[in-house]
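Engineer: Chain by chain, the residues:
2 protein chains.
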Amino acid sequence: MHKEFHRLISLDKAIELALGDAPRPRVRIVNLESALGRVLAENVIAEIDVPHFDRAAMDGYAVRSEDCIIASESSPVRLRIVGSVSAGSIPDASAGPGEAVEVSTGSAMPEGADAVVMVEYADAADGYVMIRRPVHPYENVQRRGADLSLGERVLSAGTHLGPREIGMLAALGMSRVKIRSLRVGVASTGNEIQSPDEHLMPCKIYDVNTYTISSALSQIGAEPVVYGVFPDSYDALSESIATALIDCDMMILSGSTSAGRGDMLYRVVSDLGELVFHGINLKPGKPTLFGRVGGKHVIGLPGYPTSALTVFWQLVSPLVHRSLGLRSHHFSLKATLARPFRSESRRQMLPVIIHRGKAYPFDRGSGAVTTLGASDGIIDVPADREYLHAGEVFDVHPLSGDDLDLIISGESCPVLEAALDRMNLRFRYLVRGSMRALTDLQDGLADIACITATQELPEDLRVVASYRRELGLISRNPDLLLNSDGAAFAAWGRDSGVGCIMDSMLPGVRRSVEVRTHTGAALAVLQGKADLALGAREAAGMWGLHFRYLADDGISIVARMDDTRDIIKDIADALKERSQDAAVST
Amino acid sequence: MHKEFHRLISLDKAIELALGDAPRPRVRIVNLESALGRVLAENVIAEIDVPHFDRAAMDGYAVRSEDCIIASESSPVRLRIVGSVSAGSIPDASAGPGEAVEVSTGSAMPEGADAVVMVEYADAADGYVMIRRPVHPYENVQRRGADLSLGERVLSAGTHLGPREIGMLAALGMSRVKIRSLRVGVASTGNEIQSPDEHLMPCKIYDVNTYTISSALSQIGAEPVVYGVFPDSYDALSESIATALIDCDMMILSGSTSAGRGDMLYRVVSDLGELVFHGINLKPGKPTLFGRVGGKHVIGLPGYPTSALTVFWQLVSPLVHRSLGLRSHHFSLKATLARPFRSESRRQMLPVIIHRGKAYPFDRGSGAVTTLGASDGIIDVPADREYLHAGEVFDVHPLSGDDLDLIISGESCPVLEAALDRMNLRFRYLVRGSMRALTDLQDGLADIACITATQELPEDLRVVASYRRELGLISRNPDLLLNSDGAAFAAWGRDSGVGCIMDSMLPGVRRSVEVRTHTGAALAVLQGKADLALGAREAAGMWGLHFRYLADDGISIVARMDDTRDIIKDIADALKERSQDAAVST
Chain D
169 MHKEFHRLIS LDKAIELALG DAPRPRVRIV NLESALGRVL AENVIAEIDV
219 PHFDRAAMDG YAVRSEDCII ASESSPVRLR IVGSVSAGSI PDASAGPGEA
269 VEVSTGSAMP EGADAVVMVE YADAADGYVM IRRPVHPYEN VQRRGADLSL
319 GERVLSAGTH LGPREIGMLA ALGMSRVKIR SLRVGVASTG NEIQSPDEHL
369 MPCKIYDVNT YTISSALSQI GAEPVVYGVF PDSYDALSES IATALIDCDM
419 MILSGSTSAG RGDMLYRVVS DLGELVFHGI NLKPGKPTLF GRVGGKHVIG
469 LPGYPTSALT VFWQLVSPLV HRSLGLRSHH FSLKATLARP FRSESRRQML
519 PVIIHRGKAY PFDRGSGAVT TLGASDGIID VPADREYLHA GEVFDVHPLS
569 GDDLDLIISG ESCPVLEAAL DRMNLRFRYL VRGSMRALTD LQDGLADIAC
619 ITATQELPED LRVVASYRRE LGLISRNPDL LLNSDGAAFA AWGRDSGVGC
669 IMDSMLPGVR RSVEVRTHTG AALAVLQGKA DLALGAREAA GMWGLHFRYL
719 ADDGISIVAR MDDTRDIIKD IADALKERSQ DAAVST
Chain X
169 MHKEFHRLIS LDKAIELALG DAPRPRVRIV NLESALGRVL AENVIAEIDV
219 PHFDRAAMDG YAVRSEDCII ASESSPVRLR IVGSVSAGSI PDASAGPGEA
269 VEVSTGSAMP EGADAVVMVE YADAADGYVM IRRPVHPYEN VQRRGADLSL
319 GERVLSAGTH LGPREIGMLA ALGMSRVKIR SLRVGVASTG NEIQSPDEHL
369 MPCKIYDVNT YTISSALSQI GAEPVVYGVF PDSYDALSES IATALIDCDM
419 MILSGSTSAG RGDMLYRVVS DLGELVFHGI NLKPGKPTLF GRVGGKHVIG
469 LPGYPTSALT VFWQLVSPLV HRSLGLRSHH FSLKATLARP FRSESRRQML
519 PVIIHRGKAY PFDRGSGAVT TLGASDGIID VPADREYLHA GEVFDVHPLS
569 GDDLDLIISG ESCPVLEAAL DRMNLRFRYL VRGSMRALTD LQDGLADIAC
619 ITATQELPED LRVVASYRRE LGLISRNPDL LLNSDGAAFA AWGRDSGVGC
669 IMDSMLPGVR RSVEVRTHTG AALAVLQGKA DLALGAREAA GMWGLHFRYL
719 ADDGISIVAR MDDTRDIIKD IADALKERSQ DAAVST
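So the protein sequences, as listed, match chains D and X. If you read the first sequence in the working numbering, its first letter stands for residue 169, the second for the next number, and so on. If you read the second sequence in the working numbering, its first letter stands for residue 169, the second for the next number, and so on.
A few of these clues could be false.
No copy is singled out in the list; a pair is fine if it fits within one copy or between any two copies.
Each computed SDA-like pair below joins lysine to any residue, with the alpha-carbon atoms no more than 20 Å apart [said to hold, decoys possible]: (1) LYS451 with SER202; (2) LYS744 with GLY266; (3) LYS451 with GLU554; (4) LYS744 with ASP731; (5) LYS464 with LEU440; (6) LYS451 with GLY493; (7) LYS454 with MET286; (8) LYS181 with ASP417.
Hints are computed from structural coordinates only; laboratory data are not their basis.
Extracted from the complex, chain D is given alone in its bound form:
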């Protein structure tokens, strides 16, 4: 019944096996407007000169340079103006000896003229122009083909098309372009998986991988074909894969790849074609499989979102790059590990939060989408490293280019959130108890900590703002606010400040759903998951719920003593204004 992975192979071996025979892309013709981010399928050779005529590069007068050799401020040369050429027009005048033709930037040069005198050095009057400076041959003229010359290789097959490459193609008059197209089918498997457009049934979870993987494929220039959730039965899965491969060059599935019961992808792939490997000695990512069906690659990624995306970047992305003929870019940045980390004896892709140049291991488990959402990058920990020291410098493979202004750690507080929103700050809020928040602040992960005011502070920290918020009962039913006998309360975790207050003020009440934030407390009430919740007045206000004041709650915002940045001061100011507003409104 229980099947082990028979041979775990290394990631390097897995990449070698997968890349050995990368799928051949198709060639498609697309309009220039749709070419951004795609990969060029052919060498582009200039079939015209650019420009394809000698072109004035300045506004002024087209002249014979030999006429102007002796021109100077003190003795200007006088030329007769015999016509003018506007940009885009075919010249109807030519410049004979002693003659000049008025031109604009971009005009075709008239016959006879070989230079342009800038308008700044020429005074025109009564059909003549006085030239005050000499010009040398071809001065201020962009010669035919000077930019791109007939036959020149302009772009090579395999080029990633960005704005400037698209501009080159436009300059050559190519309104359509051949690109490499790799159609990759994407599906999730598992009876517990539901599409996000359905109502969530009990014991099910929403499909994440289809969306992360197809977005990531788009980012690297492949064409995802989204199939959503494939049924998790042998026959249905076989048929779905076989059908999808008619239309796709490759297939990426996730889930159903471990070796346990009900995980049948490896059997399906073995039976439809050839299973090349099953199981990588990597954390996360062990349950990865790779095979070929009808000569096409089928990759099975782990079901956990973080694992799936990690293996995607490590294994699938190089494969797609190879297939499209792109070089794999291993963008990486250096970061100092902020906290020690104990690894396992296999290669590990360690998710980290990057903040102000330091890397903080962050792992709520690869099953958590939070790990996916909060990790800014990944450190590749070799199999032979057991203990990573704080202060060691590692290469980090970044997962996101977004910079945060601020990381807050500590108690949930809608007052603080609202202030940060008003300041238009990009922040991440790590909701956790006050003690843990102070540690986060001390080791630099957090910029400010939001703690209950009673907390004693270590020497290296300082309070930058303090305010009071009103805690009370939140309910849909005003009667319950007065008599809550038997009502189900939203339960706060005991590591939160509100959790402690709840224990002391409302001991022994019946508890239902657990919440971590004030907004969550109010939502639990709104959705009927709890009859009552303890929470801040602001949270009740978000959905117009009834509120009964019980007590004031003191909050302190804490920063490091040595952190004198403006942003800290600005937050303190924003919260002070709030205190004053509150004082006025009472």
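With chain D fixed as given, assemble chain X onto it according to the hints.
Structural biologist: Relative to chain D, chain X alone:
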């Protein structure tokens, strides 16, 4: 007739004026599949717990942890298997004292059980399972809401949606999402501009800016609306802009922005609305204008492609970022200036080639698309710097993420190009004379130089490969190969090796179109721009043209003495193989 820019303002002032009143984006609802790269318009709060049930995190047996406290390898605990729960199913068994329920990763936890014993530590037989290790409460269980908790702020308005953010939305069951949409009309003006899908008329050039600017807008999350070429007459331009602004939130035009004759955009904008500034003290980018029509931003960029894209990144990109509520990212990298550079006394955006950590000023003029295509980045040179020294370190704003394997400088050679293509190398070929190529090689811009074999080498350079190629006459008409009297020849530049050979072997022939490459020589013949061309046999072969051998031409591939990289050796080997092939085939 000639109008000067009245008040040039600084780039910083221009940015301040433009950003002061950034356009408000619309809010659109898109499917998750279309959300990649877009900007979130609302704070996303979890309206469900994720997972929304206690979930087995491993394959194994759901148990009451208290039953297993004493379990060990030597004295396992025996539990009765009372059922099994597959992932996605509602449990139909519960775990009473002394009982276990079989579960898979992702299964809902059955009533009564609070931990999962991994299958590795459990042996099942005859309806019982022997547990060989203790588990603590909630071990191997992902608790309801542990990942995302009801009410938790998951993403903030203004977040740039990448794969992982899209995954978070999917996990919450959001198949549609509100994004910020900024519709930006893009058009070029100028009577000399033609759309790339038309046949090129005399004295016209193809529209580049519409395509570079609209691609760049897509890259930063705006929605370009492509209008192509607007007519360059006052009435038509006024009407086109007014009509476009009905549908768009903002308009970007290029061309017609300088102060010369025929440049009327500033008049149109003044008359339709308000001209805020016209002219920035920046090189390139002086003829930039900014105004408002009906309260909407109208930006006029310079007509030259490099100038237009440079001002786009400096001025428009921050404006779009501000409008969408994104932080402007000033990604920059450090590079050492490889060659001294003399600047002007105004702020200058200097295009550079980045190669192996060094920055090489590269400027064929902002009118050249080559400048656009070859520049990997831009150095912002302050107005007060006149002379930049080689070796100084500057911040470079990168224009492309593509890495080159190789830069070649020197004589055009189809033999070398073909060898590099076979090696699947990403290269840039700077076609220039042998002398210049050796300088490029010495100062590190080029990795190899392709020179005529007769050249003497400086001490620090070495020949890594030599080969002979056959030069001859190329024609569509075989008769001309024997009697070329009066025929028009494609003209090679005199700084090229083939140009010198042409001067000595074919003195006094009539010359038509000028060419820089062998492919160009053959194309000139194919297109009838020349009757005959001197070129390599390989070039004639590309289009099946007739070829008459005239002489052998010796080519040397040169590298730096101290450059011992494998890539140099590989190129040498690839060219040696070719010599042997050639020897065999003769």
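Engineer: With reference to the structure, classify each hint as holding or not holding.
Structural biologist: Structure-based check of all given hints:
Taking the shortest Cα distances, LYS451 and SER202 never come within 20 Å of each other, neither inside one copy (38 Å) nor across copies (31 Å). Taking the closest pair of Cα atoms, LYS744 and GLY266 never come within 20 Å of each other, the shortest separation being 78 Å inside a single copy and 58 Å across copies. When the C-alpha separation of LYS451 and GLU554 is checked against a cutoff of 20 Å, the pair qualifies only within one copy, where the shortest distance is 13 Å, while the shortest distance between copies is 54 Å. Taking the shortest alpha-carbon separations for LYS744 and ASP731, only the intra-copy value of 19 Å comes in at or below 20 Å, while the best inter-copy value is 62 Å.
With identical chains, the CA atoms of LYS464 and LEU440 are at most 20 Å apart within one copy only, with a shortest distance of 11 Å there and 59 Å across copies. Taking the shortest Cα distances, LYS451 and GLY493 never come within 20 Å of each other, neither inside one copy (29 Å) nor across copies (37 Å). Only between protomers do LYS454 and MET286 lie at most 20 Å apart by alpha-carbon distance; the minimum there is 16 Å, versus 69 Å within a single protomer. In this assembly of identical chains, LYS181 and ASP417 lie within 20 Å of each other by CA distance neither inside one copy nor across copies; the values are 23 Å within and 52 Å between.
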